[in-house]
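Engineer: These are the residues of each chain, in order.
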Amino acid sequence: MRNDVRERRAAKGLSQADLAQRLDVSRQTINSIETDRYTPSLPLAIAIARFFGAGVEEIFHADHS
Amino acid sequence: MQTTARTSRKYLATPIFSVLMGVVYLVALSVAGEPVYGVLALAVMVGFSGALLLARRRSETVKGLLDHRDERISAIDLRATAITALAMIVVILVAFVVQIARGQSGWPYSMLGFVGGVSYIAAVICLRIRG
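Chains as they are written, first to last, in my numbering: chain A, 1 to 65; chain B, 1 to 131.
Keep in mind the hints are simulated off the structure, nothing from the lab. A quick note: this is a predicted structure, and the numbers were derived from the prediction, not measured. Glycine included, C-beta positions come from ideal geometry on N, C-alpha and C. Fair warning: there could be bad hints in the mix.
[Said to hold, decoys possible] Here are some of the chain B residues that sit facing chain A, going by a computed Cβ distance under 10 Å:
hint : residue
1    : ALA55
2    : ARG57
3    : GLU60
4    : THR61
5    : ASP70
6    : GLU71
7    : ARG72
8    : ARG79
9    : MET111
10   : ALA123
[Stated by the list, open to error] Counterexamples of contact, computed for chain A against chain B with all Cβ distances above 12 Å:
hint : residue
11   : MET1
12   : ARG9
13   : ALA10
14   : LYS12
15   : LEU14
16   : ALA17
17   : ASP24
18   : GLN28
19   : ILE30
20   : PHE52
21   : GLY53
22   : GLU58
Given only the sequences and the hints, what does the whole structure look like? Please build it.
Structural biologist: Laid out in structure tokens, this is it:
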């Protein structure tokens, strides 16, 4: 599943470690999400979306769509 | 404050369990008349616990494995546990087959297989009920 986390994080001027701290996950997890190697759970996806002030579907994109 | 205290207890669970197991080894080996090996076993377990706590400061993975707060590392932990269980099942099955082929009873591998099978079925039922 593709996502815009890296672009949105960079736009806010945050490092992966900063975002990880805000979301209470590891930096590795943020990196894995940004590189599409890990699809977050629904609660984490919602937390990410809320952090960026967007809807989940605006940040995460199903490959078939 | 409550959250911090809860987190502290959580990451200490594995080190504390390891030390407690060391104490159990000490008692068991002392009962068996080998107190020196018992002290050695306890020292190994205390060392392991200390190494875990030190590694937690340097490694996000170890921290995640001890804290269980990062969902990705928790998922990795779960999958690693499943792979470990699969390896144990293979070992138990092979050992059981070798034993019965030699005309032996298959003990204790038959019992280990039984416990494993029952645990799996019970877990599936419980998890299914929980949804």
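Engineer: Now, for every hint given, state plainly whether the structure supports it.
Structural biologist: Cross-check of the supplied hints:
1. Taken as an interface hint, ALA55 of chain B does not check out: its beta carbon lies about 14 Å from the nearest beta carbon of chain A, beyond 10 Å.
2. The closest approach between the C-beta of ARG57 of chain B and any C-beta of chain A is roughly 14 Å, which is over the 10 Å cut-off, so the hint fails.
3. At a threshold of 10 Å, the smallest CB-CB gap from GLU60 of chain B to chain A is about 4 Å, leaving the interface hint in force.
4. At a threshold of 10 Å, the smallest CB-CB gap from THR61 of chain B to chain A is about 7 Å, leaving the interface hint in force.
5. Interface restraint check for ASP70 of chain B: the shortest CB-CB distance to chain A comes to about 5 Å, inside 10 Å, so the restraint holds.
6. With its C-beta approaching chain A no nearer than about 5 Å, GLU71 of chain B sits inside the 10 Å limit, and its interface hint holds.
7. Using the Cβ-Cβ criterion of 10 Å, the hint placing ARG72 of chain B at the interface with chain A is satisfied: the shortest such distance is roughly 4 Å.
8. Interface hint status for ARG79 of chain B: violated, as the beta-carbon distance to the closest one in chain A is roughly 12 Å, over 10 Å.
9. Of the supplied interface hints, the one on MET111 of chain B is violated, with its beta-carbon coming no nearer than about 38 Å to a beta-carbon of chain A, more than 10 Å.
10. Residue-level restraint check for ALA123 of chain B is violated (minimum Cβ-Cβ distance to chain A is 21 Å; threshold 10 Å).
11. With a closest Cβ-Cβ approach of about 14 Å to chain B, MET1 of chain A is found to remain outside the 12 Å limit, as its non-interface label requires.
12. Here ARG9 of chain A stays apart from chain B, with its beta-carbon at least about 17 Å from theirs, past the 12 Å limit.
13. Residue-level check passed: ALA10 of chain A sits 21 Å from the nearest beta carbon of chain B, beyond 12 Å.
14. Listed as outside the interface, LYS12 of chain A is consistent with that label: its C-beta sits roughly 21 Å from the nearest C-beta of chain B, beyond the 12 Å cut-off.
15. The claim that LEU14 of chain A is not at the interface with chain B holds, since no C-beta of that chain comes within 12 Å of its own (minimum 17 Å).
16. The Cβ of ALA17 of chain A sits about 10 Å from the closest Cβ of chain B, inside the 12 Å cut-off, so the non-interface label is violated.
17. With 12 Å as the threshold on Cβ separation, the claim that ASP24 of chain A sits away from chain B is violated: the shortest Cβ distance comes to roughly 6 Å.
18. In this structure GLN28 of chain A is not separated from chain B by more than 12 Å, as the shortest Cβ-Cβ distance comes to only about 5 Å.
19. At roughly 9 Å, the least C-beta separation between ILE30 of chain A and chain B is not larger than 12 Å, which violates its mark as non-interface.
20. Consistency note on PHE52 of chain A: stated as away from chain B, and its beta-carbon is indeed over 12 Å from all of that chain's, at 18 Å minimum.
21. GLY53 of chain A, annotated as away from the interface, keeps every beta carbon of chain B farther than 12 Å; the closest lies near 22 Å.
22. Its beta-carbon lying about 21 Å from the closest one in chain B, GLU58 of chain A satisfies the requirement of being farther than 12 Å from that chain.
When each numbered hint is compared with the structure, violations occur for hints 1, 2, 8, 9, 10, 16, 17, 18, 19.
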